[in-house]
Amino acid sequence: MLTRLSSGAAGLACSLAMLVASGCATTANNPRDPYEGFNRAMFAVNEGLDVVVKPIAQGYDAVAPLPVRVVIGNFFGNIWDVWTAANNLLQGKGEEALSDVGRVLINSTVGIGGAFDVAGEMGLTKHSEDFGQTLGKWGVGTGPYFYWPFIGPRTMRDTFGWMVDVTVGPVWGVSDMALRNSLVGTRYVDVRASLLPSDKLVEEAAFDKYNYIREAYLQHRRSVVFDGELPHEDLEPDSEK
Amino acid sequence: MKFLLSLLFGLFLFLPPATAQQLAPDALVRQVTEDVLTVVRQDKDIQSGNTRKAIDLVETKVLPYFNFQRMTALAVGRDWSKATPDQKQRLSEEFKTLLVRTYSNALTAYKNQTVVYKPLRMQPDDRNVVVRTEVVQPGSKPVQLDYSLEKQDESWKVYDVIVAGVSLVTNYRDTFGQEVRNKGIDGLLTMLVERNKQLAAGKK
Chain A
1 MLTRLSSGAA GLACSLAMLV ASGCATTANN PRDPYEGFNR AMFAVNEGLD
51 VVVKPIAQGY DAVAPLPVRV VIGNFFGNIW DVWTAANNLL QGKGEEALSD
101 VGRVLINSTV GIGGAFDVAG EMGLTKHSED FGQTLGKWGV GTGPYFYWPF
151 IGPRTMRDTF GWMVDVTVGP VWGVSDMALR NSLVGTRYVD VRASLLPSDK
201 LVEEAAFDKY NYIREAYLQH RRSVVFDGEL PHEDLEPDSE K
Chain B
1001 MKFLLSLLFG LFLFLPPATA QQLAPDALVR QVTEDVLTVV RQDKDIQSGN
1051 TRKAIDLVET KVLPYFNFQR MTALAVGRDW SKATPDQKQR LSEEFKTLLV
1101 RTYSNALTAY KNQTVVYKPL RMQPDDRNVV VRTEVVQPGS KPVQLDYSLE
1151 KQDESWKVYD VIVAGVSLVT NYRDTFGQEV RNKGIDGLLT MLVERNKQLA
1201 AGKK
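From first to last, the protein sequence lines stand for chains A and B.
So the first sequence is residues 1 to 241, counted in the numbering used here.
So the second sequence is residues 1001 to 1204, counted in the numbering used here.
These aren't lab readings, by the way, just hints derived from the structure by calculation.
A portion of the hints provided could be inaccurate.
[Claimed, not checked] Derived pair list, reagent style BS3-like, types lysine-lysine, alpha-carbon separation capped at 25 Å:
{"#": "1", "chain 1": "B", "residue 1": "1141", "chain 2": "B", "residue 2": "1111"}
{"#": "2", "chain 1": "B", "residue 1": "1061", "chain 2": "B", "residue 2": "1044"}
{"#": "3", "chain 1": "B", "residue 1": "1044", "chain 2": "A", "residue 2": "200"}
{"#": "4", "chain 1": "A", "residue 1": "93", "chain 2": "B", "residue 2": "1141"}
{"#": "5", "chain 1": "A", "residue 1": "126", "chain 2": "B", "residue 2": "1141"}
{"#": "6", "chain 1": "A", "residue 1": "126", "chain 2": "B", "residue 2": "1111"}
{"#": "7", "chain 1": "B", "residue 1": "1096", "chain 2": "B", "residue 2": "1053"}
{"#": "8", "chain 1": "A", "residue 1": "137", "chain 2": "B", "residue 2": "1053"}
{"#": "9", "chain 1": "A", "residue 1": "200", "chain 2": "B", "residue 2": "1141"}
Everything numeric in this text was worked out from a predicted model, so none of it was measured.
Given only the sequences and the hints, what does the whole structure look like? Please build it.
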């Protein structure tokens, strides 16, 4: 039911986006965020949803001891490494892809089904690649910024990338509905719990939470497409000190 | 081991500031980072959320190596040149207060992280560099933490911090720019002052 709900919500959000794109004239203040009106509305929805989700994540955070959370994180991380390997290959990064495959093999066997990141200890650093990054590497432009309920911020390119990630990912392919839902649910809570420390930071540092998250997201994505090797842009419009 | 660390820590205290600043940028980042981490690792108060102590730590050990005037200028952008010297000074002060208050919090979330220092790529006469580090935590993906430094006379100062690809300076640009457009430089100043007052009121 959760899957239907999530994909239903995503579908609804997508169609709403089309409506907004074709119909209404939005206040296009920011060229990177032409659907700001729609996005802010969705942001408000998510903030509303968080009223329910956050306490669950906090409970998980409080109750699950760190080693358990590390194991859960590693388990999902291991599954993700398979897709990361594929994306690295698609991006022409053979060495990284090989390392990722090594990680999966080692962690799935010696690391007992991915529970322990033995490969990491051995020096095979964890990469994180998704299809959105692959598209970026191939030169696909980001497209406008969107903020979706449940999944949060994604540019148009990364929304499409996310859909591919989800379709290919084995978690969503699990046939047992109950098992799949609990896997998805656990993953969602785990991710939300990992973001709890930054909650306070965003609350205090941001004057406009929506703005802050958008800027951070866009910058972060740009950076990861280039694996952190982006030359730092010359920040100054003039040479004023 | 702990004794050695405290000894090194004590030695650092006796280093006159000038010497510390004449270090190469990567050595400077490493020294300050390790210095701060050493304190945090031993301070149970900070680890259990004492923000006031974290702020004090940042103010003594970190701030001297930051150029807040430059950071503020970059965050404000084009409109900076419209500000009077007095406004510039006040804006830098308020922005500094905001950054120190909010980001010192990160220190209270310390949980056994270690820092990996990437090799510095720099030409001998460069006056502008990026020092790349990585914060490693067991059970999580490493987080990239970069510092943009520029050479002022003979010492290096930080003017931007980039966490996981997100530049501190650029993150505020949109908000600052909008505020200046709507309410002018004084409006921006008011916004910063108000936020700092709120944060001060909320803190222990």
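Comparing the hints with the structure gives:
The straight-line distance between the Cα atoms of residue 1141 of chain B and residue 1111 of chain B is roughly 14 Å, inside the 25 Å bound, and the hint therefore holds. Between the alpha carbons of residue 1061 of chain B and residue 1044 of chain B the distance comes to roughly 18 Å, so the proposed pair stays at or under 25 Å and holds. A hinted pair counts as satisfied when its Cα atoms are at most 25 Å apart, and residue 1044 of chain B with residue 200 of chain A qualifies at roughly 20 Å. For the hint linking residue 93 of chain A to residue 1141 of chain B, the alpha-carbon distance of about 19 Å falls within 25 Å, and the restraint holds.
Between residue 126 of chain A and residue 1141 of chain B the CA atoms are separated by roughly 7 Å; this keeps the pair inside 25 Å, and the hint holds. About 20 Å separates the Cα atoms of residue 126 of chain A and residue 1111 of chain B, which keeps this hinted pair within 25 Å; it holds. Of the supplied pair hints, the one linking residue 1096 of chain B and residue 1053 of chain B holds, its CA atoms being roughly 17 Å apart against a limit of 25 Å. This hinted pair does not check out: residue 137 of chain A and residue 1053 of chain B have alpha carbons roughly 44 Å apart, beyond 25 Å.
A C-alpha spacing of about 21 Å is found between residue 200 of chain A and residue 1141 of chain B, which places the hinted pair at or below 25 Å, so the restraint holds.
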